[in-house]
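Enquirer: Sequence:
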Amino acid sequence: MSVALLSVAGVALDALLGEPRRWHPLVAFGRLADRIEQRFNSGGRGWRSHGVTAWVLAVVPLTLLATALSWAPYVGWVVEILFLYCALGMRSLGEHVAPVAQALRSGDLELARQRVGYLVSRQTSELDEAAVARAATESVLENGSDAIFAALFWFAVAGVPGVVLYRLSNTLDAMWGYRNERFERFGWAAARIDDLLNYIPARLVALTYALLGKTRLALKCWRTQGPTWDSPNAGPVMAAGAGALGVELGGAAIYHGELHQRPQLGEGPVADADAIDRGWQLVQRGVWLWLLILCLGAEFYA
Numbered sequence: 001m002s003v004a005l006l007s008v009a010g011v012a013l014d015a016l017l018g019e020p021r022r023w024h025p026l027v028a029f030g031r032l033a034d035r036i037e038q039r040f041n042s043g044g045r046g047w048r049s050h051g052v053t054a055w056v057l058a059v060v061p062l063t064l065l066a067t068a069l070s071w072a073p074y075v076g077w078v079v080e081i082l083f084l085y086c087a088l089g090m091r092s093l094g095e096h097v098a099p100v101a102q103a104l105r106s107g108d109l110e111l112a113r114q115r116v117g118y119l120v121s122r123q124t125s126e127l128d129e130a131a132v133a134r135a136a137t138e139s140v141l142e143n144g145s146d147a148i149f150a151a152l153f154w155f156a157v158a159g160v161p162g163v164v165l166y167r168l169s170n171t172l173d174a175m176w177g178y179r180n181e182r183f184e185r186f187g188w189a190a191a192r193i194d195d196l197l198n199y200i201p202a203r204l205v206a207l208t209y210a211l212l213g214k215t216r217l218a219l220k221c222w223r224t225q226g227p228t229w230d231s232p233n234a235g236p237v238m239a240a241g242a243g244a245l246g247v248e249l250g251g252a253a254i255y256h257g258e259l260h261q262r263p264q265l266g267e268g269p270v271a272d273a274d275a276i277d278r279g280w281q282l283v284q285r286g287v288w289l290w291l292l293i294l295c296l297g298a299e300f301y302a
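Each residue of the sequence shown is one higher than the one before, starting from 1 at the first, in the UniProt record's numbering.
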């Protein structure tokens, strides 16, 4: 079965079932990663070399196991679809952002703060309506890139080994890639590897957002605002996405009790509930565009 059909099947399965409710492989992997981190970074004393070793132990054996399973005769294609399905988070993202927009529309700011807290790592207890909408819209654009587009990219490029390697690496970055006393040294490898794996997908996502929205403004924001962001991949994605939507994102946010003055992204009115919905629609249209391109490419080279 072609990569295009496998990708369509994986996305369809995610749309139909959503994330596994009782036992998600990434949840189990997170527990494994916690135990590895406790072994190699006890008390935050691990060095970069410990972080590299921990990353290899967490990612490489599981990637090799997944690859071997995908080579199984007769059922290998089923395994491929299942691994892609487990790596995607498209329906889950929609299920998390929709309640934020609904709460804002109903005027329930407290509920909106609570729901957006499930999406972002910043402090949400004192956000006003505009700040909640900004946080949710930024999360849609960035998580769309990380949890959907990048997984599809690596599956198309390298099949099961690519998507498993990427998804596990991305999970470790979310767990270990912090610039704080505990993870500054130990999490360096996880953060750098994730940056490398996301470099090309992030720029393809930024281009996708631009093509499907206000193209000129998106390209301008990508060029001028993307480099000002502290993340080399989130900057282009969110700048292009904000420009494509014609809204203003970025600005001050509190992370772990510290105020961070972030650059402005995009141009236009401040984000609101409609911006959240339009951001989610932008991600969805982008996914269908990528699948269409994969299918046309498969037909061309058949």
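Think of the hints as simulated: they come from the structure by calculation, not from any bench. All residues carry an ideal CB built from backbone N, CA and C; glycine is no exception. Any given hint might turn out to be false.
Here are the simulated EDC-like cross-link-like pairs (lysine to aspartate or glutamate), alpha carbons at most 16 Å apart as the crow flies [said to hold, decoys possible]: (1) K220 to E267; (2) K214 to E267; (3) K220 to E248; (4) K214 to E258.
Pair ranges (Cβ atoms, derived) [claimed, not checked]: (5) L62 to R22: 28 to 38 Å; (6) V270 to L64: 28 to 38 Å; (7) L64 to A130: 46 to 56 Å; (8) P232 to G268: 18 to 28 Å; (9) Y74 to D128: 53 to 63 Å; (10) Q114 to R48: 31 to 41 Å.
Enquirer: Keeping to a limit of 16 Å between CA atoms, is the pair of K220 and E267 held or broken?
Expert: holds (10 Å)
Enquirer: Taking 46 to 56 Å as the stated bounds, is the beta-carbon spacing between L64 and A130 within them?
Expert: Because 47 Å falls inside the window, the suggested range holds.
Enquirer: Quick check on a hinted range of 53 to 63 Å for Y74 and D128, using CB atoms only.
Expert: holds (57 Å)
Enquirer: 31 to 41 Å was suggested as the range; check whether the CB atoms of Q114 and R48 agree with it.
Expert: Roughly 37 Å apart at Cβ, these two residues keep to the hinted range, so it holds.
Enquirer: Hint says 28 to 38 Å; check whether the CB-CB distance for V270 and L64 agrees.
Expert: For V270 and L64 the Cβ distance comes to about 48 Å; the hint is violated.
Enquirer: Okay, L62 versus R22 on CB: inside 28 to 38 Å?
Expert: For L62 and R22 the Cβ distance comes to about 20 Å; the hint is violated.
Enquirer: Checking one constraint from the list: CA of K220 to CA of E248, max 16 Å. Satisfied?
Expert: At roughly 14 Å apart (the allowed maximum being 16 Å), E248 and K220 satisfy the hint.
Enquirer: The hint says 18 to 28 Å between P232 and G268; measuring C-beta to C-beta, is that right?
Expert: holds (25 Å)
Enquirer: Checking one constraint from the list: CA of K214 to CA of E267, max 16 Å. Satisfied?
Expert: holds (11 Å)
Enquirer: Quick one, are K214 and E258 close enough, alpha carbons at most 16 Å?
Expert: Given that 16 Å is the threshold and the Cα spacing comes to 34 Å, the pair is violated.
Comparing the model with each earlier hint shows violations of hints 4, 5 and 6; every other hint is respected.
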